[in-house]
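Asker: Spelled out from the first residue to the last, the chains are:
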Amino acid sequence: TQLLEQSPQFLSIQEGENLTVYCNSSSVFSSLQWYRQEPGEGPVLLVTVVTGGEVKKLKRLTFQFGDARKDSSLHITAAQPGDTGLYLCAGAPSGGSNYKLTFGKGTLLTVNP
Amino acid sequence: NAGVTQTPKFRILKIGQSMTLQCTQDMNHNYMYWYRQDPGMGLKLIYYSVGAGITDKGEVPNGYNVSRSTTEDFPLRLELAAPSQTSVYFCASSYSRIGDTQYFGPGTRLTVL
Chain A
6 TQLLEQSPQF LSIQEGENLT VYCNSSSVFS SLQWYRQEPG EGPVLLVTVV TGGEVKKLKR
66 LTFQFGDARK DSSLHITAAQ PGDTGLYLCA GAPSGGSNYK LTFGKGTLLT VNP
Chain B
2 NAGVTQTPKF RILKIGQSMT LQCTQDMNHN YMYWYRQDPG MGLKLIYYSV GAGITDKGEV
62 PNGYNVSRST TEDFPLRLEL AAPSQTSVYF CASSYSRIGD TQYFGPGTRL TVL
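Heads up: the protein sequence lines correspond to chains A and B, in order. Letter by letter, the first sequence follows residues 6 to 118 in this note's numbering. Letter by letter, the second sequence follows residues 2 to 114 in this note's numbering.
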């Protein structure tokens, strides 16, 4: 079983601060996805990273895939209250015909105005 | 497009009762999934389907059954409900195999008393 560890589990910050959340594993993934989930709703995909060392930017969000494709990070610059939510990383296994994504437990982010 | 729709949104069951959670997608996706989400535990895959007539077990299938008679519908059946099945259930779909974007429904909050 491939496990994804997310840290921190909870994060409460003030508007305007920067933050980084992490997604780590001992397993190699062919791709890694980040989702954001707001209360009472299903997760929504933010980004997919595929290549080791890849960096993707989505406005104030920067996503990085580790060189060895075992870990990823999400950095938010100048956080806003609208960034509040549960951030989930999900990894697709490397090789084989496994159709199952592995999800981390998530980082619950609260941005206070 | 409505995307992925789930019914009901909320349900309270007594121990031993049965029910079916409905899931429909209008995106002509081949792949469909059922997850459960418990507080602080991320998403656990219950069952998935790679096309009409084809289903397979995920990580936590015990106590559940599924069927996939059409591309659009993927109902989840709970037989003999137990308190351990209290959770939020999400249905998701994707166009192709693992690594593709998964589109989630709004969820069904189930309580078993």
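Just to be clear, a hint being listed does not mean it is correct.
Said to hold, decoys possible - Pairs of lysine to any residue, SDA-like flavour, derived with a Cα cap of 20 Å:
{"hint": "1", "chain 1": "B", "residue 1": "K15", "chain 2": "B", "residue 2": "T102"}
{"hint": "2", "chain 1": "A", "residue 1": "K62", "chain 2": "A", "residue 2": "D72"}
{"hint": "3", "chain 1": "B", "residue 1": "K58", "chain 2": "A", "residue 2": "P44"}
{"hint": "4", "chain 1": "A", "residue 1": "K105", "chain 2": "B", "residue 2": "K15"}
{"hint": "5", "chain 1": "A", "residue 1": "K110", "chain 2": "A", "residue 2": "L50"}
{"hint": "6", "chain 1": "A", "residue 1": "K110", "chain 2": "A", "residue 2": "V49"}
{"hint": "7", "chain 1": "B", "residue 1": "K58", "chain 2": "B", "residue 2": "K10"}
{"hint": "8", "chain 1": "A", "residue 1": "K61", "chain 2": "B", "residue 2": "T102"}
{"hint": "9", "chain 1": "A", "residue 1": "K62", "chain 2": "B", "residue 2": "T102"}
{"hint": "10", "chain 1": "A", "residue 1": "K105", "chain 2": "B", "residue 2": "K10"}
{"hint": "11", "chain 1": "B", "residue 1": "K10", "chain 2": "A", "residue 2": "Q42"}
{"hint": "12", "chain 1": "B", "residue 1": "K10", "chain 2": "A", "residue 2": "P98"}
{"hint": "13", "chain 1": "B", "residue 1": "K45", "chain 2": "A", "residue 2": "V49"}
{"hint": "14", "chain 1": "A", "residue 1": "K110", "chain 2": "A", "residue 2": "K62"}
Note that these hints are calculated values from the structure, not bench results.
Asker: All the hints need checking, so say for each whether the structure fits it.
Answerer: We went through each hint and held it up to the structure:
1. K15(B) x T102(B): Since the Cα atoms of K15(B) and T102(B) sit roughly 36 Å apart, the hinted pair is violated (cutoff 20 Å).
2. K62(A) x D72(A): Given pair K62(A), D72(A) holds - Cα atoms ~17 Å apart, limit 20 Å.
3. K58(B) x P44(A): Between K58(B) and P44(A) the Cα gap is close to 28 Å, so the pair fails against 20 Å, i.e. violated.
4. K105(A) x K15(B): Violated - the C-alpha atoms of K15(B) and K105(A) are around 31 Å apart, more than 20 Å.
5. K110(A) x L50(A): holds, 16 Å
6. K110(A) x V49(A): Distance ~15 Å between K110(A) and V49(A) Cα, so the pair holds.
7. K58(B) x K10(B): Not OK: K58(B) and K10(B) at ~24 Å, beyond 20 Å, violated.
8. K61(A) x T102(B): Holds, because 16 Å separates the two Cα atoms, which is no more than 20 Å.
9. K62(A) x T102(B): holds, 17 Å
10. K105(A) x K10(B): violated, 25 Å
11. K10(B) x Q42(A): holds, 17 Å
12. K10(B) x P98(A): With a Cα-Cα distance of about 32 Å, the restraint between K10(B) and P98(A) is violated, given a limit of 20 Å.
13. K45(B) x V49(A): holds, 16 Å
14. K110(A) x K62(A): violated, 23 Å
Violated hints, in rising order: 1, 3, 4, 7, 10, 12, 14; the structure is consistent with all others.
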